[in-house]
Amino acid sequence: MSLDAKIPQGPLAEKWSKHKFNLKLVNPANKRKYDVIVVGTGLAGASAAASLAELGYNVKAFCFQDSPRRAHSIAAQGGINAAKNYQNDGDSVYRLFYDTIKGGDYRAREGNVYRLAEVSVNIIDQCVAQGVPFAREYGGLLDNRSFGGSQVSRTFYARGQTGQQLLLGAYSALNRQIHKGKVKMYTRSEMLDVVTIDGHAKGIITRNLVTGEIDTHSGHAVLLCTGGYGNVFYLSTNAIGSNVTAAWRAHKRGAFFANPCYTQIHPTCIPVSGDHQSKLTLMSESLRNDGRVWAPKTVEVAAKLRKKELTADQVKEEDRDYFLERKYPSFGNLVPRDVASRNAKEMADEGRGVGTSGFAVFLDFADAIKRLGQEAVAAKYGNLFDMYYQITNEDPYKQPMRIYPAVHYTMGGLWVDYNLSTNVPGLYALGECNFSDHGANRLGASALMQGLSDGYFVIPYTLGDYLATIGPKPVDANHPAFAQTKKDVTDRIAKLLALKGTKTVNEYHRDLGHIMWEYCGMARTEEGLTKAKGMIQALRADFWKNAIVIGANEEVNASLERAGRVADFLELGELMVDDAQMRKESCGGHFRLESQTEEGEALRNDDVFAFVGAWEYKGDNQPEELHKETLEFEFVHLTQRSYK
Amino acid sequence: MNLTLKVWRQKDANSSGKMVSYKAENISPDMSFLEMLDVVNESLIHKGDEPIHFDHDCREGICGMCSLYINGRPHGPKRAITTCQLHMRSFHDGETITIEPWRAAAFPVIKDLAVDRSAFDRIQQAGGYVSVNTGGVPDANIIPIPKVIADEAFNSATCIGCGACVAACKNASAMLFVSAKVSQLGMLPQGQPERWSRVQSMVAQMDEEGFGNCTNTGACEAECPKEITLTNISRMNNDFFSAKLFREEKVHDHSGGGE
Amino acid sequence: MSEIKQTFNSSLGKKLIMALTGLFLCTFIIVHLGGNLFLFKDDQGYGFNVYANFLTHFPPIEVIAYLLYLAIIVHAFYALILTLSNKKSRPVAYASQSKSPASWSSKNMGLLGSILLLFIVIHMGDFWYKYKFTDTVGFKEYRTNVLTNQRTVADFKPVDPTFEHSVTTVNDEEIVRVKDLHAKVATTFSCWWYVLIYVIAMVSLSFHLVHGFQSAFQTLGWTHRKYTPVVKFIGTWFFAVIIPLGFALMPVVYFFQSISK
Chain A
5 MSLDAKIPQG PLAEKWSKHK FNLKLVNPAN KRKYDVIVVG TGLAGASAAA
55 SLAELGYNVK AFCFQDSPRR AHSIAAQGGI NAAKNYQNDG DSVYRLFYDT
105 IKGGDYRARE GNVYRLAEVS VNIIDQCVAQ GVPFAREYGG LLDNRSFGGS
155 QVSRTFYARG QTGQQLLLGA YSALNRQIHK GKVKMYTRSE MLDVVTIDGH
205 AKGIITRNLV TGEIDTHSGH AVLLCTGGYG NVFYLSTNAI GSNVTAAWRA
255 HKRGAFFANP CYTQIHPTCI PVSGDHQSKL TLMSESLRND GRVWAPKTVE
305 VAAKLRKKEL TADQVKEEDR DYFLERKYPS FGNLVPRDVA SRNAKEMADE
355 GRGVGTSGFA VFLDFADAIK RLGQEAVAAK YGNLFDMYYQ ITNEDPYKQP
405 MRIYPAVHYT MGGLWVDYNL STNVPGLYAL GECNFSDHGA NRLGASALMQ
455 GLSDGYFVIP YTLGDYLATI GPKPVDANHP AFAQTKKDVT DRIAKLLALK
505 GTKTVNEYHR DLGHIMWEYC GMARTEEGLT KAKGMIQALR ADFWKNAIVI
555 GANEEVNASL ERAGRVADFL ELGELMVDDA QMRKESCGGH FRLESQTEEG
605 EALRNDDVFA FVGAWEYKGD NQPEELHKET LEFEFVHLTQ RSYK
Chain B
10 MNLTLKVWRQ KDANSSGKMV SYKAENISPD MSFLEMLDVV NESLIHKGDE
60 PIHFDHDCRE GICGMCSLYI NGRPHGPKRA ITTCQLHMRS FHDGETITIE
110 PWRAAAFPVI KDLAVDRSAF DRIQQAGGYV SVNTGGVPDA NIIPIPKVIA
160 DEAFNSATCI GCGACVAACK NASAMLFVSA KVSQLGMLPQ GQPERWSRVQ
210 SMVAQMDEEG FGNCTNTGAC EAECPKEITL TNISRMNNDF FSAKLFREEK
260 VHDHSGGGE
Chain C
2 MSEIKQTFNS SLGKKLIMAL TGLFLCTFII VHLGGNLFLF KDDQGYGFNV
52 YANFLTHFPP IEVIAYLLYL AIIVHAFYAL ILTLSNKKSR PVAYASQSKS
102 PASWSSKNMG LLGSILLLFI VIHMGDFWYK YKFTDTVGFK EYRTNVLTNQ
152 RTVADFKPVD PTFEHSVTTV NDEEIVRVKD LHAKVATTFS CWWYVLIYVI
202 AMVSLSFHLV HGFQSAFQTL GWTHRKYTPV VKFIGTWFFA VIIPLGFALM
252 PVVYFFQSIS K
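If you read the protein sequences in the order shown, they are chains A, B and C. Heads up: the first sequence runs through residues 5 to 648, numbered per the working numbering. Heads up: the second sequence runs through residues 10 to 268, numbered per the working numbering. Heads up: the third sequence runs through residues 2 to 262, numbered per the working numbering.
Source of the hints: derived by calculation from the structure; they are not laboratory data. Here a beta-carbon is modelled for each residue, glycine too, at the ideal position from N, C-alpha and C. One thing to keep in mind: the hints can contain errors.
Unchecked claim - Okay, derived cross-link-like pairs now, DSSO-like style, lysine-lysine, Cα gap no bigger than 30 Å in a straight line:
# : chain 1 : residue 1 : chain 2 : residue 2
1 : B       : 259       : A       : 312
2 : B       : 20        : C       : 15
3 : C       : 100       : B       : 259
4 : A       : 402       : B       : 87
5 : B       : 27        : A       : 504
6 : A       : 549       : B       : 20
7 : A       : 549       : B       : 56
8 : B       : 179       : C       : 108
What the hints assert, rightly or not - Which stretches of chain A does chain B cover? Using the computed rule of at least three CB atoms under 8 Å from a CB of chain B, they are:
#  : segment
9  : 64–71
10 : 179–192
11 : 239–247
12 : 295–309
13 : 410–416
14 : 612–624
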């Protein structure tokens, strides 16, 4: 099967406008004859559901949380990029496009990324019109900040809660459509499978998380907006409930999974404090604007700090190594996330890590406090400092913060074409759930941009084209495919409920996380990946023998929910390892120790690996088949990223 | 640390529940409150017992999913945080901790400590939005908004919809929650066209859901993890009375000379 | 009409009624205290008795008085309705005692209000009812020499049972004959448990108003960064301290006067 990305021909700046013109339209009177299923109500899902309902389609929206407003987009802190150039500092659509392509280490499509940059400006307009209270200047105009290694100020923000404010904006648009009856909202409903008829997605199977009822829902198209799979690492900055199940079920029904090994490790998280830890807390990257990252110069000083014989402020200036400033003089503390993370890991590996575990480096605000005053620092970062204090019981105004990288975002996901359609017709993937736009590494403040771009400004056009093609004939909800898929789902639940072993699902999840972090985390090797593959297979086999799942289906059963999700992570983990092993180059978030420059930087191999690796599911415990979509760069020149 | 937990257990909405005691042993002070419950649950699962059900998701204090009425206070003893941000160092060794679900007629218990807060969604659906479709909106900078207004609106907009205000209120009133949205949109220029109808629809829905009335005790403000202030309620009241008593809501009948 | 009905049936509408009647009652107690200050005047009850007579015989005041009674009833009635609906909003109580920080008075307005209502019934029964509808209150005759301002007092027994009061001038003497509520007050306040009831009621009034006054402003939506502190100051010092203290002093002073006699 060949992968056609359907990127329109022509000059970069005209691709999207031309494409929009070429897409078929659905007659306004016919729109109400179409049912569209939207799974997930984060930025991508809520914005898509609302926008499609506004157009006149009947939308059914689903989320597993108790309210659409809880989706994990809500936790994004830093901001959202847009090429508005309000600051007159040289930004443009082209620059945002270029930065994103380069930041993604040239593993994203030019066409997609350019479109993203192009519609970014509309997103801000849309959000402001909805009443999103972005930060403003005294003159009443919108404020911007520079973010995550960008040299222009193009990030719009709402204190440290930008994701929350954007999501509440999309949620309000969704609410309006629910009120109008154009969206039917199903909360506490988890999607457990996709129904395909003649190769087209025509519905989903859900479990009502309150009653346990297994329901079938039919529609002319299914949109998966179900977020990323970072929780495969057990500890991540994702919400506890974030999972891969919807995407993974779609994958098992034929949708290709692209670049699963591209995971982003965020450099400024609060380090792990013990085995009991259930999640990691991220602190906004904006902290690196004023904080200086350092580790002790010597292993001896580090050891003293770990044993608490010395406090950080007692370490003399000459004993400190501001390693990012030293290695990357022009970008300093603002190097992209992958670079910052990897360097922190290096410090820990060299024995220069701090904190009781040794898995941390310092982020020091002493200079900023001296330069700007404590009040100014508090005004900028007060809420983050409070959060840090709350979690660690240490006062960051007095002692430097301890930070360590944590899994934060997954660039990989379901393969989609330019229309956001997976290779299964009628099945779409939006937001973090798809693989597009960020390449091998995502820039700060770009996730919110992509989620909203997909939902507000891409899918309303591209979905119409598909719907116009298939016509408004109602979907036959009595088609045997629905009953069969439902049976598959109930069988699997029964199989899970029959597990009465000795080890809890959570313990399996933690074990899987350890394997993934150790061998498929910030640095990967051929040997480690081979080992990991075997370990995951063994763990999975053991899971299906020895796991404990409590209770019954016909009730609220968190144990069962968790088991289903972890079972899917156990399969995904292996595919991630396969993908990482296949990609014998370093790029973005994927760092292969075998492929680095003399200075220890990621070394791409564009001749061999400038492609999207899309995997096809071939049956349980069968090796998946790799399909390559070659990435062609007509407009940018591929260079080795350098932040020196 | 070793603790005794007294936890409300209730199979489902239709069953009656009761308080059950559990031992939480070897708890680290660095654990969050929910991680402590995770540990208790893991030991229950190992024994083949049903784990304690509670709502939670982001575990960083922003999604609003976690709840829990801990020793007489929603989200526990500390100010301005959610239960997931509460750490065990806020308790002392040997303490008995009573954990209950939010109690309100409008928040029926689903199971154990989890309640149904969909009433909040319905209130938002009744009018908590600006009626603009995607696309066709003016440039974001076309209407300057004074910084104080933008900041105030933001403060109101930080509500996470957890329901602690209802849980804390002796009348189970949802006024703080409703007023936060009414205030946010009522202050911003974008919210003006629907300002008077919005407040009426949202208050009407709030009444329909069976929340109590505000008696201005201020418990909600004191317990709000996002420190939403009572000023919001005052703004909502003002808008509501203004809307009900003084604002023209319908177009005058221009169909001409009588019947 | 139905729109207005809807407004006042809404939760906020009911609170509006509470706030407006409450504030009206607040203004009343200012007037009431002001008038009652005559009790502290050493004029053998002249000023107080004339004032009492004025209040009961000046038509506009009488209208306001009936509005006042209505306000008390409405305030109490809506308080009851709101309390009942609030109880319904939490059918299952918490097992643990609420530790949420909120002032004691704000959480016990119902209790305080009930005490006050009971007090008002006793108080009105004793003075207002007896003054207006019974003949248990005697009369006094005040003769004041308009030239010297010398005043003499004597008991007075009207011949006509419907007699209320009269003001006549004979020679240089102004003769005022009026019901002697002052004596009734003095007798009543010589009883220790009666004084106690009054003091308890005034403590309740204090706590009721320390929350109630500023709460009314909050309900009406009249809060402002600059003015709310002023409202709170007035609510606390004037309505919750000076006024109840002023009222409470009357029975206490009269009681001590009665035992010192």
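Legend entry - In rising order, the numbers of the hints this structure does not comply with: Per hint list: 1, 2, 3, 12, 13, 14 violated.
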